[in-house]
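Go ahead and model the full structure; you've got the sequences and the hints to work with.
In order, the protein sequence lines correspond to chains P and E. Position 163, counted from 1, in the first sequence is what this note's numbering calls 163; the numbers after and before it change by one each time, with no gaps. Position 161, counted from 1, in the second sequence is what this note's numbering calls 1161; the numbers after and before it change by one each time, with no gaps.
Derived from the structure by calculation, the hints contain no laboratory data. Check each hint, because a few of them may be wrong.
Derived lysine-lysine pairs resembling DSSO-like cross-links, with alpha carbons at most 30 Å apart [to be verified]:
no.	chain 1	residue 1	chain 2	residue 2
1	P	K115	P	K215
2	P	K45	E	K1106
3	P	K115	P	K226
4	E	K1047	E	K1238
5	P	K215	E	K1007
6	P	K160	E	K1047
7	P	K45	P	K61
8	E	K1238	E	K1136
9	P	K71	P	K45
10	P	K61	E	K1136
11	P	K160	E	K1046
12	P	K71	P	K61
13	E	K1136	P	K45
14	E	K1106	P	K226
15	P	K226	E	K1136
16	E	K1007	P	K115
17	E	K1106	P	K16
18	P	K226	P	K215
19	E	K1238	E	K1046
Pair by pair, the computed Cβ-Cβ distance ranges are [as the list claims (entries may be wrong)]:
no.	chain 1	residue 1	chain 2	residue 2	range
20	E	P1256	P	I173	26 to 34 Å
21	P	L117	E	T1056	38 to 46 Å
22	P	L19	E	R1188	18 to 26 Å
23	E	S1066	P	P199	55 to 63 Å
On a predicted model such as this, the values are computed, not experimentally measured, just so you know. Ideal Cβ positions, reconstructed from N, Cα and C, are used throughout, including at glycine.
Below are the chains, spelled out letter by letter.
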Amino acid sequence: MSSTSYPRKLSSVRTKRLLRRWEPYFLLLPALLIVLSFFAYPVIKAFQLSFMHYVLFEPSKIGYSGFDNFKALLMDSNMPRILFNSVIWVVATVGLQFVLGFMLALALNRHFRGKHLYQAIVFLPWAVSAFLIGMIFKWMFNQQNGLINHLLLELGLIDKAIAFLAIPGTSIIPVIIAMAWYGVPFFGIMILAALQSVPHEIYEAADIDGAGRVKRLFSITIPYIKPTLVLTVLLRVIWVFNSADLIYIMTNGGPANSSHNLPSYIFNKIGYSTDFGQASALGVLMLIILTVYTIFFLRVTKYNEAGDI
Amino acid sequence: MQLFMRKRLPGIIRFCVLALFLAGTLLPFYWMLVTSLKTRLEIYGKKITLWPENLTWVNYAETFRSSSFPHYFANSFVVSILSGILVLAVSILGGYSLARYRFRGKGIILLIFLSTQMVPVVIMLVPLFMVFGNLKLLDTLPALIITYTAINIPFCMITMSGFFQRVPVALEEAAMIDGCNRMETVVRIILPIMLPGIVATFVFAFTAAWNDLFFGIMFTTSESVKTVPVGLNSFVQKFDINWGEMSAGGVLSLIPVAVLFAFIQRYIVAGLSQGAVKG
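This is the structure we're talking about:
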């Protein structure tokens, strides 16, 4: 009895040890399986498609076509405008969101009565679908019976209602306003969380030194939370660059393709021309731009941080 | 005067800023609500009224009658809750692994998950459309559930691993000395501590699924499988926009999210400040 139990115990220890070695992989397996098959594989497939002639309406012509899709993009007369829009879209939106979100977070970084209720209301846009936000703003910017035209008329700033969403060249501006409005709560939450991580002792030391509020903000608070700010902005730029819902809903890129950014143009291509090859080529272009941006950004911020704190 | 500048002025500025943000946030919602309660005549009339002259529920009744709105609603719920739960389960397992083990290939796995964060989702529309076509899952809810799960796992898992790292290992060791095994320790001791983070993660995954538009447009065509944004969008594309009914549909779709958000808003700030800000 006792002679058999010894080796069995040993083997169970060994299997336990073996199991333990594989444990981290087992735990990660579901995530890896799902992400590799429904995230990584599609991205690889998109690269393949970008080198193919693939139009859904012409099933007989599907096949590899080298760099034809990319050449077609170079010739596309819409592209300069769309690239320009993409930059404006990101810079204006993220800039507005950041400044307003920062103001909101500063105002919220002190206790007052009803703060929880206030936060619940002001952070609400974050939870609302882009579709709904887009529709509300489309209705508010409407030429006929839109609220904004009404207010501008009442104030005497304009004499005739303006079709904000149908002016070539500037129809993206109302969309940017809607997008900025949509993202302020996100920035507010992230910056507020960062502000709350600043230790009080630092401020106490500053009070002894007699530093004013504004000086305190710029020479203590902002440097302290800078890593969080930088990371938030980095992620937000990527997110906004990739986002197309509001454009699709409010102007659908119109009039005459003048308000598309890159992703909304891709969605347009998929939906109307069903040219999956060119759409994928545009997607690959976006991915390249983002990769370059990320590498550049990481370099620059690391370089700056080396001197700080 | 000097004293006023130092003591009172900041408070007044703070109050004004808070009031402005509140008004700015509420205005669009207010306008949607008011529009949904107006008659057609009033919405398109010469004069714009800031409060309905004849309050009416007709837009709500019409929304329910003329579209498959209740259906969209049920679909959105099923898709968002299931993908939220799946994301959470997978992220807890993977997040724990990343936070508590040292193993070969960890760096590469982390890199894979991090790099997904810069992939534009539009790039995946077409390939996923083909994948689900091959799997015979187009125009079904599972296609949406799988997609939203896959897209939200990387971010949620990394966040989750951040939450695990914040719980001291000593706590876990103490429980294990008391005779709990690893599994029991995590379920009974660690997860309850991380509740705010878990709630925040679930809400993130839920709202991402609830709000998606493009994958829904791409993968679904039948009324019976459309989610709220996709259903309302197809309604808009088919007919001239009826702003009264549109607003009514909007208000209805807002209610569950607003309720959910009001309940857990406290957890979100707590959860984010636990996970996101690590000095």
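query: Can you name, in rising order, the numbers of the hints this structure does not satisfy?
result: 15 and 21
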